[in-house]
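Terminal number for the sequence shown in our numbering: 123, no gaps in between.
Don't take each hint at face value.
Stated by the list, open to error - 35 Å max Cα-Cα, derived DSBU-like pairs, lysine-lysine:
1) LYS121 / LYS46
2) LYS81 / LYS63
3) LYS102 / LYS38
4) LYS104 / LYS40
5) LYS123 / LYS104
6) LYS38 / LYS72
7) LYS102 / LYS81
8) LYS104 / LYS121
9) LYS40 / LYS80
10) LYS63 / LYS82
11) LYS38 / LYS63
12) LYS40 / LYS102
Hints in this document: simulated from the structure, not taken from any laboratory.
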Amino acid sequence: MYSKISVIFFALTLSAQAHDMTPAYPEFRPSYIVGVSKTKMHLFNKRNDANFFEISVYDEVWKSIPFASTNKIIEVRHTKKKSFDVYIKDEDLDRVTYICTKSKLLKQKNVPLIATEICSKVK
1 MYSKISVIFF ALTLSAQAHD MTPAYPEFRP SYIVGVSKTK MHLFNKRNDA NFFEISVYDE
61 VWKSIPFAST NKIIEVRHTK KKSFDVYIKD EDLDRVTYIC TKSKLLKQKN VPLIATEICS
121 KVK
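Work out the full structure: start from the sequences and follow the hints.
See below:
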(Lines of atoms letter the chains of each structure in order from A; the text may use other names.)
(Lines give C-alpha, C1' and ligand atoms only; values in the text may rest on other atoms or scores of the structure.)
Protein backbone atom coordinates (compact mmCIF):
# COMPACT_ATOMS: atom_id res chain seq x y z
CA MET A 1 0.00 0.00 0.00
CA TYR A 2 2.72 2.47 1.00
CA SER A 3 4.78 1.60 -2.07
CA LYS A 4 1.86 2.47 -4.36
CA ILE A 5 1.32 5.77 -2.58
CA SER A 6 5.02 6.63 -2.77
CA VAL A 7 5.10 5.86 -6.52
CA ILE A 8 2.07 8.09 -7.09
CA PHE A 9 3.61 10.86 -4.99
CA PHE A 10 6.89 10.56 -6.91
CA ALA A 11 5.07 10.76 -10.26
CA LEU A 12 3.15 13.86 -9.16
CA THR A 13 6.30 15.67 -8.06
CA LEU A 14 8.08 15.21 -11.40
CA SER A 15 8.07 18.36 -13.45
CA ALA A 16 6.47 17.88 -16.82
CA GLN A 17 8.75 18.90 -19.64
CA ALA A 18 8.00 18.76 -23.32
CA HIS A 19 8.71 20.51 -26.54
CA ASP A 20 6.42 22.72 -28.62
CA MET A 21 5.71 22.45 -32.31
CA THR A 22 3.83 25.00 -34.37
CA PRO A 23 1.67 25.48 -36.32
CA ALA A 24 -0.87 23.23 -34.63
CA TYR A 25 -2.77 22.83 -37.90
CA PRO A 26 -0.26 23.08 -40.75
CA GLU A 27 -1.31 23.49 -44.37
CA PHE A 28 0.61 22.15 -47.34
CA ARG A 29 1.38 24.43 -50.28
CA PRO A 30 2.95 23.62 -53.66
CA SER A 31 6.75 23.51 -53.53
CA TYR A 32 9.28 24.35 -56.21
CA ILE A 33 9.31 20.63 -57.14
CA VAL A 34 6.52 19.49 -59.48
CA GLY A 35 4.26 16.94 -57.78
CA VAL A 36 5.49 17.76 -54.25
CA SER A 37 3.95 20.00 -51.58
CA LYS A 38 5.58 21.40 -48.46
CA THR A 39 4.82 22.94 -45.10
CA LYS A 40 7.08 24.79 -42.66
CA MET A 41 7.13 23.68 -39.02
CA HIS A 42 8.76 25.27 -35.98
CA LEU A 43 10.02 23.35 -32.94
CA PHE A 44 10.88 24.92 -29.57
CA ASN A 45 12.78 22.75 -27.07
CA LYS A 46 11.75 23.21 -23.42
CA ARG A 47 13.53 20.00 -22.35
CA ASN A 48 16.96 20.32 -20.79
CA ASP A 49 17.57 16.57 -21.13
CA ALA A 50 16.86 16.21 -24.87
CA ASN A 51 18.59 17.84 -27.82
CA PHE A 52 17.49 15.60 -30.70
CA PHE A 53 14.02 15.13 -32.16
CA GLU A 54 12.81 12.68 -34.80
CA ILE A 55 10.31 13.87 -37.43
CA SER A 56 7.55 11.54 -38.63
CA VAL A 57 4.38 11.76 -40.71
CA TYR A 58 1.29 9.57 -40.21
CA ASP A 59 -2.14 8.94 -41.68
CA GLU A 60 -5.37 8.80 -39.64
CA VAL A 61 -4.66 5.24 -38.38
CA TRP A 62 -1.05 6.12 -37.46
CA LYS A 63 0.50 4.36 -40.45
CA SER A 64 3.77 5.98 -41.48
CA ILE A 65 3.77 8.04 -44.68
CA PRO A 66 6.97 8.66 -46.68
CA PHE A 67 8.19 12.25 -46.56
CA ALA A 68 11.31 14.29 -47.12
CA SER A 69 13.01 16.87 -44.92
CA THR A 70 16.53 18.20 -44.65
CA ASN A 71 17.06 15.75 -41.77
CA LYS A 72 14.78 13.13 -40.22
CA ILE A 73 16.42 13.80 -36.85
CA ILE A 74 17.07 17.42 -35.96
CA GLU A 75 19.15 18.95 -33.20
CA VAL A 76 17.54 21.68 -31.11
CA ARG A 77 19.32 22.78 -27.93
CA HIS A 78 17.47 23.64 -24.71
CA THR A 79 15.40 26.88 -25.03
CA LYS A 80 16.21 27.15 -28.74
CA LYS A 81 13.90 27.14 -31.75
CA LYS A 82 14.41 25.52 -35.15
CA SER A 83 12.33 25.63 -38.32
CA PHE A 84 12.13 22.73 -40.75
CA ASP A 85 10.25 21.92 -43.95
CA VAL A 86 8.27 18.73 -44.56
CA TYR A 87 7.81 17.63 -48.19
CA ILE A 88 5.07 15.21 -49.25
CA LYS A 89 4.27 13.81 -52.70
CA ASP A 90 0.98 15.27 -53.94
CA GLU A 91 -0.40 11.75 -54.40
CA ASP A 92 -0.03 11.19 -50.61
CA LEU A 93 -1.44 14.56 -49.49
CA ASP A 94 -4.99 13.32 -48.97
CA ARG A 95 -3.69 10.64 -46.54
CA VAL A 96 -1.52 12.90 -44.36
CA THR A 97 -3.12 13.52 -40.96
CA TYR A 98 -0.29 14.12 -38.45
CA ILE A 99 3.21 15.58 -38.46
CA CYS A 100 5.02 14.58 -35.26
CA THR A 101 8.32 15.11 -33.49
CA LYS A 102 9.57 12.73 -30.82
CA SER A 103 12.38 13.45 -28.37
CA LYS A 104 15.39 11.15 -28.66
CA LEU A 105 17.07 10.57 -25.31
CA LEU A 106 20.50 9.23 -24.46
CA LYS A 107 20.45 6.28 -22.09
CA GLN A 108 21.70 7.03 -18.61
CA LYS A 109 22.05 4.73 -15.61
CA ASN A 110 19.55 5.09 -12.78
CA VAL A 111 17.77 8.06 -14.35
CA PRO A 112 14.09 7.81 -15.36
CA LEU A 113 13.69 8.90 -18.96
CA ILE A 114 10.43 9.94 -20.54
CA ALA A 115 10.27 10.55 -24.29
CA THR A 116 7.74 13.09 -25.50
CA GLU A 117 5.96 13.09 -28.84
CA ILE A 118 4.13 16.16 -30.08
CA CYS A 119 1.88 16.04 -33.15
CA SER A 120 0.25 18.68 -35.30
CA LYS A 121 -2.92 17.76 -37.19
CA VAL A 122 -2.86 18.67 -40.88
CA LYS A 123 -5.82 20.72 -42.18
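Consistency of the hints with the structure:
1. LYS121 / LYS46: Distance ~21 Å between LYS121 and LYS46 Cα, so the pair holds.
2. LYS81 / LYS63: 28 Å, holds
3. LYS102 / LYS38: 20 Å, holds
4. LYS104 / LYS40: It holds: about 21 Å lies between the C-alpha atoms, which stays within 35 Å.
5. LYS123 / LYS104: 27 Å, holds
6. LYS38 / LYS72: 15 Å, holds
7. LYS102 / LYS81: 15 Å, holds
8. LYS104 / LYS121: 21 Å, holds
9. LYS40 / LYS80: Given that 35 Å is the threshold and the Cα spacing comes to 17 Å, the pair holds.
10. LYS63 / LYS82: 26 Å, holds
11. LYS38 / LYS63: Holds - the C-alpha atoms of LYS63 and LYS38 are around 20 Å apart, at most 35 Å.
12. LYS40 / LYS102: With a Cα-Cα distance of about 17 Å, the restraint between LYS40 and LYS102 holds, given a limit of 35 Å.
The structure agrees with every numbered hint stated previously.
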